[in-house]
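Q: Residue numbers (this note's numbering), protein chains in the order written: chain A, 6 to 254; chain B, 1407 to 1932.
I should point out that these hints are in silico values taken from the structure, not numbers from a laboratory.
In this text, a Cβ means the ideal position worked out from N, Cα and C, and glycines have one as well.
Treat the hints with care, as some may be off.
[Said to hold, decoys possible] Here chain B is said to cover these stretches of chain A; the calculated rule only asks that three of the stretch's residues, wherever they fall, bring their Cβ under 8 Å from a Cβ of chain B:
| no. | segment |
| --- | --- |
| 1 | 14 to 28 |
| 2 | 161 to 175 |
[Said to hold, decoys possible] Only pairs whose alpha carbons sit at most 20 Å apart, straight line, appear in this in silico SDA-like list of lysine to any residue:
| no. | chain 1 | residue 1 | chain 2 | residue 2 |
| --- | --- | --- | --- | --- |
| 3 | A | 7 | A | 17 |
| 4 | A | 92 | B | 1477 |
| 5 | A | 50 | B | 1517 |
| 6 | B | 1435 | A | 173 |
| 7 | B | 1618 | A | 39 |
| 8 | A | 249 | B | 1630 |
| 9 | A | 50 | B | 1477 |
| 10 | A | 92 | B | 1475 |
| 11 | A | 92 | B | 1618 |
| 12 | B | 1618 | B | 1630 |
| 13 | A | 92 | B | 1568 |
| 14 | B | 1618 | A | 50 |
| 15 | B | 1618 | A | 41 |
| 16 | B | 1618 | A | 42 |
| 17 | B | 1618 | A | 35 |
| 18 | A | 249 | B | 1781 |
| 19 | A | 92 | B | 1520 |
| 20 | B | 1618 | A | 113 |
| 21 | A | 249 | B | 1520 |
| 22 | A | 7 | B | 1520 |
| 23 | A | 92 | B | 1647 |
| 24 | A | 92 | B | 1517 |
| 25 | B | 1618 | A | 33 |
| 26 | A | 50 | B | 1475 |
| 27 | A | 92 | B | 1827 |
Residues per chain are reported as follows:
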Amino acid sequence: MKAASMVPVFLVGFLLVFAATDFPEWGNPQSPASDSPVSSHFIGKTGVDTEVPNMVTAVLADYRGFDTMFETVVVFIAGMAVLAILKNSVKKGSVRRDHEVDAEPDLIVTNMVRLIVPVIQIFAFYVLAHGHVSPGGGFQGGVIMGASFILIALSWDLETALARFSLNRCMGVAAAGILIYAGIGIFSMFLGGEFLDYAELERVLPVSREMARYHAMLGVEIGVGCTVTAIMFALYANLSSEGKLEGGL
Amino acid sequence: MMENAIAWIFIFPLFGSVFCALLGMANRKVCYPISVLSMVGAFWAGVETLMQAVGSSSHEVSYIFGGWTLDSYPRGVGIEFRADLLGALITLVVLGVGLLVSIYSKLPTEEETPGKEPLFHSLFLLQITGLAGICLTGDAFNLYVLIEVAALTGYGLIAIGSNRAAAATFNYVILGTIGASLYLLGVGYVYITTGTLNMVGIHDAIMAPESKLAASASMQVAFVLICLGILIKMAFFPFHAWLPNAYCHAPTTTSCLLAPLVTKVMIYVMIRIVLTAFGVDFSFESTLWAKVLPWLVVVAIVSAAVMALAQREIKRMLAYLIVAEVGYMVGGVWVYNYYGMIGSIFHIISDACMTLCLFLGAGLILRKCKTTNFDGLRGLFSKMPLTMTGFFIGGFSIIGLPPTCGFFSKWYLITGAMVSERWEYLLALLFSTMVMVVLFFRMIERIHLAVSESGENLGKGHGDLGLTDEQTRFSEGPLTMLVPLLLAAGVVLVIGIYNQDVVNQIEIFLDNLPHDADLPKEAVGK
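Work out the full structure: start from the sequences and follow the hints.
A: Structure representation (C-alpha cells):
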C-alpha cells in the first residue's frame, strides 16, 4: 500500500516540475506577475491611493481587504470548531493525563515570565500599530499577544491564565474583532460607498480620502489583532487540556 | 440598500453568526430567531440580486469591494463579486435551502447538541456565508478563501455531534485539505503565468491575440490541478471516501444543510472555472483531461449506484446516491455541448431541492423511529403520511418521474449525451436510474406493508399488524420540521412545472458567454 501511494506522489511531482519548465524566468521584471497592470498599479500607486508606505499592508488590508476579512473569519471558525468538538466531551478531572505531575510552578520561571509578559504585550501593540510602515500588522501582533497569555499558562497553569482571560471572554473578544472589521466595512457602505470602501469614511473623519483609507486600515488591523489573540489562546487552552481547561504543562 | 443587495447576501449571515456567538453566551434561546431572521434577510437579498441580474442589459451584477471600480482602476485591483444569471440562480438555491434548514434546525439542534446551540447556529450561518460567497465571487483566490470558510465550518458542524462523527470528520479534513491545496497550487500557477487573479482577467490573458498560454504546459497543469482539487471537494467517485461516513454520523441539521449544498456548489465552481476563467475553447480542446474525464464519469456513476444498492440504511444510501448524482453533473459538463451544460446546471438546482427533501424526511423518520434502517420503516406511511409524501416526492425526483424537476434536468443530460454521441454516458445514466427505481420502490413497499425482512407477514389479519401501540400511533413530526419538508417538496414540483422559465435563464447565460465562445449544439468530432 505504501508503494502504491508513491505512484500519485511521483505523478503529481512530475506534473509540477514539467509545468515549471515554461515559467517566466526567475526574477524577470517583464514576467506577467510583475508586469501586469494590477502589479504595476500596486507598486506605483499604493502611496497615491492610500498614503501607506508599506504596500504589502495596503494590498492585504485595503485592495484585497475582503479576502483578509474572511481570513479573520477562518481564524474565528477554527476557534469555534475546536470549542464545538471539545466542549463537554470530557468530564472535569475524570481522566488524568500520563505526563501530569504535581509540582509547584517554578520560582525562577514564573518570575522571569512576570518580567517579560508586559514587554511582550507592549511589543505586540507596536507590531500591530506599525504595520503600515514596517513588517507587521494585525495577524503578527495578535499572535505575539496571544503568545503572552500562553506563556502564563505554560509557566503557572491554565487556571491562572484563564482567571485573566476566561474562555467566554476569549470568544467575546474574537467575535468583537470580526465585528470591528465587518463593522468598518458596513459603515463605509452606509456612508455611500461599496462594502469596505474606506475612502468614504472621510465624511466622519477630519482627513482626506487617502488618509481615511490609512486610518481605516489601522482599524481593521485592530479587529484582526483581537480575533487572532483570543483564538490563539482559546485554541491552546482547549487543545492542551483536551477540553478540560485545567492543569499545567 | 437596493444597489448593495449583493453585499447584503453575506452581510446578513455574517453578522447573524457574530451575534449568535456574542449573545448566545448570555442566553442561548436567542440563537434560533437570529439564525432564521438573518436567513430571511439573506434570502431577500438573493431574490433582489437575481432580479437585478435578470433586469440588467448585460445580464449580470458586478460589485467591486473597497471602491476599486473598473472606471478608474485596472481589473483585478480590487475583489469583484459578479452575479451573472448562473451565479445568482445557484446563490438563490443556496439561500433557499439555508432558510428552510434554519427553520428546521430548532428541535434537532436542541436535542442532539444540547448546550452547544450558539456554536452550532454560528457555524451554520458562516457555512451559508461561505457557500453563497463561492457562488458570487469573480476572483480565483477569493474563491479559495471562501472554500476554506465553507470547509472549516463543515468540519465543525459534522464533528459537533458525536465521537464517531469526529472520527469521520478526520477523514474529511485530510481529503478536503488535499483538495484545497491542489486548487491553491493551480491558482498559483495561473497567477505566475497570467499575472491576475480575476477570473475574467485570466480569460482575457488566455484569449489575448498574441498569447501562447493556451498551448503552454504550466497553464494545462494549472487547469488539471484546479479540476482535481475541485473533484476531491465534490466527492467525485474515487475521491468520495469521506462523504458517506461524514453525512451519516453528522447531526440531523448538518446533514440536511451539507448534503444538498456542498457537492453541488463545488460542481458550480467547476462550471465557473471552465466557462468563465479558462474558457470553453481552452477547457475542452487544449487538454488531454477532457478526453479522460468522461470515462471516469461512467465508472463513477455505475460504481456509486451499485454501492447505493448494497446499503441497508437510509442516510447511507442517500449519501451514495449523492456520489452518483455528482457523476451525472460532471458528465453533463464534459460531454461538451450546449444541452449537456444546461442539464448540468439545471440538475444542480433540482438535485439541491430533492436531496433537501430526502434528508429533511430522513431526519423526521430518525426522530420518530430512532433508526433509519430499512427494517424500521415498516408500515410508516399510515403513521406519518405527510412526511412520507414529502420524502417520496424527493425520491421520485431523483428517479426522474415527471412532473418533478429531476425528470426535466435528467432529460437535458440525456439529450446532451445523445447529441455528442456519448453512448457510454447515456447507458450509465439509464443504469443508475434503474438502480434508483429499485431502491425507492423497495422502500415504498416497506412503508406500506408490515412485512419483515425474511418475508414473514407480521400481521395476523386485517387491521392487526402485530405492531406495538407506539409504532402504530398516528403522529407527524413537529411543525417546525414538517413545514420545511413540505415546502421543499412543493419547490421540487414547482420547479418541475415551471422548468422552461429556469431553462430560459440558463440559456440566456450560455448565449452571453464572454468572447462569444459558444458551446457546440451538434457533435464535435471525437
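Q: None of the hints should be skipped; say for each whether it holds.
A: A quick look at each hint next to the structure:
By the rule of at least three residues with a Cβ nearer than 8 Å to a Cβ of chain B, the coverage given for the segment 14 to 28 of chain A holds, with 8 such residues. Figure legend: the segment 161 to 175 of chain A, annotated as covered by chain B; annotation inconsistent (1 residues with Cβ-Cβ distances under 8 Å, at least 3 required). Between residue 7 of chain A and residue 17 of chain A the alpha-carbon distance is near 16 Å, which keeps this suggested pair within the 20 Å criterion. Taking the CA atoms of residue 92 of chain A and residue 1477 of chain B, the gap is about 51 Å. The hint is violated against a cut of 20 Å.
For the given pair, residue 50 of chain A sits about 56 Å from residue 1517 of chain B by alpha-carbon distance, which is inconsistent with the 20 Å threshold. Between residue 1435 of chain B and residue 173 of chain A the alpha-carbon distance is near 17 Å, which keeps this suggested pair within the 20 Å criterion. The straight-line distance between the Cα atoms of residue 1618 of chain B and residue 39 of chain A is roughly 18 Å, inside the 20 Å bound, and the hint therefore holds. At most 20 Å may separate the alpha-carbon atoms for a hinted pair to count; residue 249 of chain A and residue 1630 of chain B exceed this at roughly 45 Å.
This hinted pair checks out: residue 50 of chain A and residue 1477 of chain B have alpha carbons roughly 16 Å apart, not beyond 20 Å. A threshold of 20 Å between alpha carbons decides the hint, and for residue 92 of chain A with residue 1475 of chain B the separation of about 45 Å lies outside it, so the pair is violated. Restraint check: the Cα-Cα separation between residue 92 of chain A and residue 1618 of chain B comes to about 55 Å, which exceeds 20 Å; the hinted pair is violated. Straight-line distance between C-alpha atoms of residue 1618 of chain B and residue 1630 of chain B comes to about 18 Å, which keeps the hinted pair within the 20 Å bound.
Distance check on the hinted pair: residue 92 of chain A and residue 1568 of chain B sit about 12 Å apart at the alpha-carbon level, within 20 Å; holds. Pair hint residue 1618 of chain B plus residue 50 of chain A does not hold up; C-alpha atoms about 30 Å apart against a cutoff of 20 Å. Only pairs whose Cα atoms come within 20 Å are accepted, and residue 1618 of chain B paired with residue 41 of chain A is accepted, the gap being roughly 16 Å. Between the alpha carbons of residue 1618 of chain B and residue 42 of chain A the distance comes to roughly 19 Å, so the proposed pair stays at or under 20 Å and holds.
Note on residue 1618 of chain B and residue 35 of chain A: the hinted pairing holds, with a Cα-Cα distance of about 16 Å set against a maximum of 20 Å. Straight-line distance between C-alpha atoms of residue 249 of chain A and residue 1781 of chain B comes to about 41 Å, which puts the hinted pair past the 20 Å bound. Distance hint between residue 92 of chain A and residue 1520 of chain B is fulfilled; the C-alpha atoms sit about 11 Å from each other, no more than 20 Å. At most 20 Å may separate the alpha-carbon atoms for a hinted pair to count; residue 1618 of chain B and residue 113 of chain A exceed this at roughly 66 Å.
This hinted pair checks out: residue 249 of chain A and residue 1520 of chain B have alpha carbons roughly 18 Å apart, not beyond 20 Å. Pair hint residue 7 of chain A plus residue 1520 of chain B does not hold up; C-alpha atoms about 42 Å apart against a cutoff of 20 Å. Under the criterion of a C-alpha separation no larger than 20 Å, the hint pairing residue 92 of chain A with residue 1647 of chain B is inconsistent with the structure, at around 28 Å. Pair hint residue 92 of chain A plus residue 1517 of chain B holds up; C-alpha atoms about 16 Å apart against a cutoff of 20 Å.
In summary, the hint linking residue 1618 of chain B to residue 33 of chain A is supported, as the alpha carbons are separated by about 18 Å, within the 20 Å threshold. Distance hint between residue 50 of chain A and residue 1475 of chain B is fulfilled; the C-alpha atoms sit about 15 Å from each other, no more than 20 Å. Pair hint residue 92 of chain A plus residue 1827 of chain B does not hold up; C-alpha atoms about 55 Å apart against a cutoff of 20 Å.
In terms of the numbered hints stated before, the structure departs from hints 2, 4, 5, 8, 10, 11, 14, 18, 20, 22, 23 and 27, listed from lowest to highest.
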